[in-house]
Amino acid sequence: MSLDNILNHWSDYRKGSEDGGHHDYEHRWAMAINLDLCIGCNACSTACYAENNLAVVGKERFEKGQAMHWMRIERYWDQQELEHPEQGASFLPMMCQQCGAATCEPVCPVAATYHTPDGLNAQVYNRCIGSRYCSNNCPFRVRYFNFYSYYDSSWPEPMEQQLNPDISVRDKGVMEKCTFCMQRIRSVKDKAFMEDRPVQDGEVVPACAQSCPTSAIVFGDTMDDGSMVSKLWKKHQVERGVYQKTKLAKKDADLRGYRIFEELNVDPSVMYLERVREDI
Amino acid sequence: MTMVTEKDINEQIAWAKINTDVLKSMENPRPAYWVTLAVCIAMVACAVLAEYIQYTVGMGTADLNNPHMWDMYIAAFVFWIGMSHSGTLLSAILHLIHADWRKPIYRFAEAMTTFSLLTAGIFPMIHLGRVWNLYWVLPYVSDRGIWPNFRSPLVWDAFAITTYLTASMLFLFVGMIPDLAICRDNTTGWRKKLYGILALGWIGSDRQWRHFRKIYLLMACFLIPLAVSVHSIVSADFAMSIMPGWHITSFPPYFVAGALYSGCAAIITLFVLLRYFFRFEDYMTLPIMEKTAKLTFAIAMVWTYLNLIEFASVWYGHDVYNKELLIAKATGAYAWIFWTMLFCGSVLPFALAFRKLRRHMPTMFVVSLFLNLGMFFERWMIVAPTLSMSHEPHQWDIMYGSIVEWAIVFGSFGWFGMLFLVFVKVFPSVSMYEVKEMVFHRKRSAGEEDLARMTDHAKPVTQTTGGGGA
Numbered sequence: 000m001s002l003d004n005i006l007n008h009w010s011d012y013r014k015g016s017e018d019g020g021h022h023d024y025e026h027r028w029a030m031a032i033n034l035d036l037c038i039g040c041n042a043c044s045t046a047c048y049a050e051n052n053l054a055v056v057g058k059e060r061f062e063k064g065q066a067m068h069w070m071r072i073e074r075y076w077d078q079q080e081l082e083h084p085e086q087g088a089s090f091l092p093m094m095c096q097q098c099g100a101a102t103c104e105p106v107c108p109v110a111a112t113y114h115t116p117d118g119l120n121a122q123v124y125n126r127c128i129g130s131r132y133c134s135n136n137c138p139f140r141v142r143y144f145n146f147y148s149y150y151d152s153s154w155p156e157p158m159e160q161q162l163n164p165d166i167s168v169r170d171k172g173v174m175e176k177c178t179f180c181m182q183r184i185r186s187v188k189d190k191a192f193m194e195d196r197p198v199q200d201g202e203v204v205p206a207c208a209q210s211c212p213t214s215a216i217v218f219g220d221t222m223d224d225g226s227m228v229s230k231l232w233k234k235h236q237v238e239r240g241v242y243q244k245t246k247l248a249k250k251d252a253d254l255r256g257y258r259i260f261e262e263l264n265v266d267p268s269v270m271y272l273e274r275v276r277e278d279i
Numbered sequence: 000m001t002m003v004t005e006k007d008i009n010e011q012i013a014w015a016k017i018n019t020d021v022l023k024s025m026e027n028p029r030p031a032y033w034v035t036l037a038v039c040i041a042m043v044a045c046a047v048l049a050e051y052i053q054y055t056v057g058m059g060t061a062d063l064n065n066p067h068m069w070d071m072y073i074a075a076f077v078f079w080i081g082m083s084h085s086g087t088l089l090s091a092i093l094h095l096i097h098a099d100w101r102k103p104i105y106r107f108a109e110a111m112t113t114f115s116l117l118t119a120g121i122f123p124m125i126h127l128g129r130v131w132n133l134y135w136v137l138p139y140v141s142d143r144g145i146w147p148n149f150r151s152p153l154v155w156d157a158f159a160i161t162t163y164l165t166a167s168m169l170f171l172f173v174g175m176i177p178d179l180a181i182c183r184d185n186t187t188g189w190r191k192k193l194y195g196i197l198a199l200g201w202i203g204s205d206r207q208w209r210h211f212r213k214i215y216l217l218m219a220c221f222l223i224p225l226a227v228s229v230h231s232i233v234s235a236d237f238a239m240s241i242m243p244g245w246h247i248t249s250f251p252p253y254f255v256a257g258a259l260y261s262g263c264a265a266i267i268t269l270f271v272l273l274r275y276f277f278r279f280e281d282y283m284t285l286p287i288m289e290k291t292a293k294l295t296f297a298i299a300m301v302w303t304y305l306n307l308i309e310f311a312s313v314w315y316g317h318d319v320y321n322k323e324l325l326i327a328k329a330t331g332a333y334a335w336i337f338w339t340m341l342f343c344g345s346v347l348p349f350a351l352a353f354r355k356l357r358r359h360m361p362t363m364f365v366v367s368l369f370l371n372l373g374m375f376f377e378r379w380m381i382v383a384p385t386l387s388m389s390h391e392p393h394q395w396d397i398m399y400g401s402i403v404e405w406a407i408v409f410g411s412f413g414w415f416g417m418l419f420l421v422f423v424k425v426f427p428s429v430s431m432y433e434v435k436e437m438v439f440h441r442k443r444s445a446g447e448e449d450l451a452r453m454t455d456h457a458k459p460v461t462q463t464t465g466g467g468g469a
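Going down the list, the protein sequences come from chains A and B.
Numbering that gives the first Met the number 0 applies: residue 0 is where the first sequence begins, and numbers increase by one.
Numbering that gives the first Met the number 0 applies: residue 0 is where the second sequence begins, and numbers increase by one.
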C-alpha cells in the first residue's frame, strides 16, 4: 500500500469493496453446506482444532465466551419449543464466510486483514495489533481473539508434538479465524504449479469437509464451472454479489440454497442448503 | 417593570487584588485539596495494578469475549473524548461571540480539555491486544512500504485525536502567556525559572499584545472545526460499521451534543470544587454559575432531541435488527442502565431550570455528577448492547466486565483528577489578565458616579504595574 499505489488507484480504492477490490481473481473458493445432511456431530470442529492449531481454552473460559473454535456448530430450536430439549435441534455449522465484500477488511487500522486473489479474507497474524474492530464489524461473529497466551496451557509437553507445522501458533493479542485451510490450498496450488496444470476440482479438501461423516460440506472453486460447488450454486440459483430476493419469493421447494444475512450485501462465499422438514 | 442585571463579577476588585488572589491559589489551598489529590493518586494506583495484570496475563482478564470485543474501555474512551469538548466551547466559541462571563472559568475548562484528552488517549492503548505495536497505526516511513489502512475509522481517530490534543495544548499555553509573566515576576526559586521559560519573554508591550490577540483569535477559529470533527470521527468508529445500533446517520451530531453536554456538566463539578479549594468566591461567582447552568440545560435539551430523533428513525425505519435492539435496550437486561441514562440525561437537567437550585453550590455539584453518570451510561449503552445482540443470535450474550476492567475505568477518573489538580496548583487556574479586562471595560462604560470616583485624585485606584500590564 504505497502512496503511488493509492494515488494511481484512488477510484478503485474507493469503490473497491463492492467485489472485494479484486478484478483478477485466480480462484474463488466457496462452500456449499447441506443442512439436511448435517447431524451436528462436531467432527468438523474437532478436525479444525487439530488441523489449525486451535487452542483449547478450558471449561471456564469457554463459558465466558473466549473459545477459539473457528468452526462451530450452532444449535437452533423452532420457536414453539422454547424449552430447548435434548432432541429436535437444527444444526448450523458456522465458520468465516470469506465474504466478497467483507466488512472486517475496511475497518482494520493496520490492514492486517485483506482480500487475497483467491477470494479469501486473509488474516496476517504478525501485522495484527489487536484492536478487535474486525470482529465487532463481523455480522457472523466468527473472528476469534487470543485473549490469553495458550501455548503452555493448551499443549503441555509432549502435546506440542502434534501441532501442525504448516501453520503458526498464535500468541496473545492477535485475531484469528477460519482460513478455508489456507495451508492445504497453498500446497495443492504449489503442486499444480510444479506439474504445470490447473488445480483439479476435489483436490483441495479442508479439514472440516474431509472429516464430515455425511459429506454435508462441499468445497471448491466457483471460477471453475465444472466444479461440484459451482454446479450446486448454479442449481440453487445462488449468485455472487446478487441479492437473492426474487428467488426467495418464488418458494420453489427445490431451490433450497441461501446465504446467511444476504440482505447485508456482504457477499458470503458459503451457500447453505435449507433443511427439509416434513412437518412444516 | 425593571430588569436588574446582575454583574458577573464585582467590578470594584482592584487589579492588584486579582493578582494576589490568584497567586495565592498556587500556594495554600484548603486541606480538602490535598485529600482529593491523595484519593486520585490511590485510584491511579488501582488502575496501574489492574493494567499490570491485564498486560502480563492477557486481555481476557477484562472478561472480554467473542461478542463483546469492545466494552467499557471504548465507552470510557468516548466519554473522556467527549468531556474535552466543553473546554473548547468555553474558550474558543464563547471567545468569538464575546461572552465575557467565560473569562474567569475558561482557563480550567481548557485544562480540562487537555487532561481529559490525555486520559482518553490512554484507552485505545489499554485496549489493544498488542500495545507495543501501536505505532503501526501511524503512517511512518517503513522499509517495507507498509501503510496503515486509511479506510479504517481507527486511523482517522489517531490523526484526529493527536491533532486536537496538540492544538488544545498550544491554545491553553498561548492563552496563559501573560499570566505566566505575572507568575514569573512574583515568584522565586524553581518556579521563577519555570515561568520564566514558559513566559517566552513577555513584557506586556503593545506590539506583543497585538500579536498575542491575533494568534489567540486565529487559534480559536482553528480549534472550533477541529473539536466538531474530532467527535464526529469518534462517532464514525461506530457509524461506519454495519452493526445495528451503531450504523446510524445521526451519530456525529449526537456525539458532539453528548460531548458538549458531559463537558459542561464536568465544568460545573470542577467549578464548585475549585471555588471551594482556592477560595475563588470573588471570581467563580453565582451569576457565572447560573450562565454555565443555563448553557448546560440548553445542550441537555439538544441531546434529548437528538436521542428522540435516533429512536424515531430506528422505530420507523423498520430495520429488524435495529428495532429489536432498541426494544431490547429498553426492556432487556440493560434496561436499568438505559432508563437511568435517560433520567439523568433528560429529566434531571430540569433541576437547572430553577434559579434557587442553580445558585446552590452543593446541589449543583451533585446534579452535575449525576448528569455525567448519565453520560457515561450513554456511552456504555452505545457500545455494549449492540455487541450483546448483534445479527447472529447464537452469539448473544450479556456482559458486565470484570474487576480488572472496572478498576482501570475507575482509575482513569483518578488519573484525570491527579493531572488536573496538579495543574491548577502549579498554574493560575483563573485567567488574571482577562478578569482584569472585565473590570476595566465595565469601568469605562460605568455611570457618571463611577467616573467621578475614578477621576477623584483623593482616592487613587490601586493598580499594579506587575508583569501583566493590561
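Hints were generated in silico from the structure; no laboratory data involved.
Certain hints may be false.
Claimed, not checked - Here are the computed distance ranges between Cβ atoms for each label pair: (1) B:120 - A:87: 50 to 60 Å; (2) B:393 - A:209: 19 to 29 Å; (3) A:77 - B:361: 33 to 43 Å; (4) A:239 - B:228: 33 to 43 Å; (5) A:165 - B:133: 25 to 35 Å; (6) A:204 - B:409: 45 to 55 Å; (7) A:165 - B:396: 45 to 55 Å; (8) A:194 - B:55: 44 to 54 Å; (9) A:165 - B:137: 32 to 42 Å; (10) B:331 - A:204: 21 to 31 Å; (11) A:2 - B:55: 30 to 40 Å.
To be verified - The calculated lysine to aspartate or glutamate pairs, modelled on EDC-like cross-linking and capped at a C-alpha distance of 20 Å, are: (12) B:322 - A:202; (13) A:63 - B:391; (14) B:322 - A:261.
Just so it is clear, CB atoms sit at the ideal spot from N, CA and C, and this is done for glycine as well.
Here is what the structure says about each hint:
1. Remark: the range hint 50 to 60 Å for residue 120 of chain B to residue 87 of chain A is upheld by a beta-carbon distance near 52 Å.
2. Checking the proposed 19 to 29 Å range against residue 393 of chain B and residue 209 of chain A shows it holds: the Cβ atoms sit about 24 Å from each other.
3. As the Cβ distance of residue 77 of chain A to residue 361 of chain B is approximately 58 Å, the hint placing it in 33 to 43 Å is violated.
4. Taking 33 to 43 Å as the suggested C-beta distance range, the pair residue 239 of chain A and residue 228 of chain B conforms, at roughly 38 Å.
5. Here the CB-CB span from residue 165 of chain A to residue 133 of chain B is close to 31 Å, well matched to the stated 25 to 35 Å.
6. The given range of 45 to 55 Å is respected by residue 204 of chain A and residue 409 of chain B, whose C-beta atoms sit roughly 52 Å from each other.
7. Against the hinted window of 45 to 55 Å, the Cβ-Cβ separation of residue 165 of chain A and residue 396 of chain B comes to about 33 Å, which falls outside the hint.
8. Between residue 194 of chain A and residue 55 of chain B the beta carbons are some 50 Å apart, a value that agrees with the proposed interval 44 to 54 Å.
9. As the Cβ distance of residue 165 of chain A to residue 137 of chain B is approximately 34 Å, the hint placing it in 32 to 42 Å holds.
10. As the Cβ distance of residue 331 of chain B to residue 204 of chain A is approximately 43 Å, the hint placing it in 21 to 31 Å is violated.
11. Between residue 2 of chain A and residue 55 of chain B the Cβ separation comes to about 38 Å, which falls inside the hinted range of 30 to 40 Å.
12. Among the hinted pairs, residue 322 of chain B with residue 202 of chain A is inconsistent with the structure: their alpha-carbon atoms are about 45 Å apart, more than 20 Å.
13. Among the hinted pairs, residue 63 of chain A with residue 391 of chain B is consistent with the structure: their alpha-carbon atoms are about 17 Å apart, no more than 20 Å.
14. Restraint check for residue 322 of chain B and residue 261 of chain A: satisfied, since their Cα atoms lie roughly 19 Å apart, inside the 20 Å limit.
Consistency note: the structure conflicts with the earlier hints numbered 3, 7, 10, 12.
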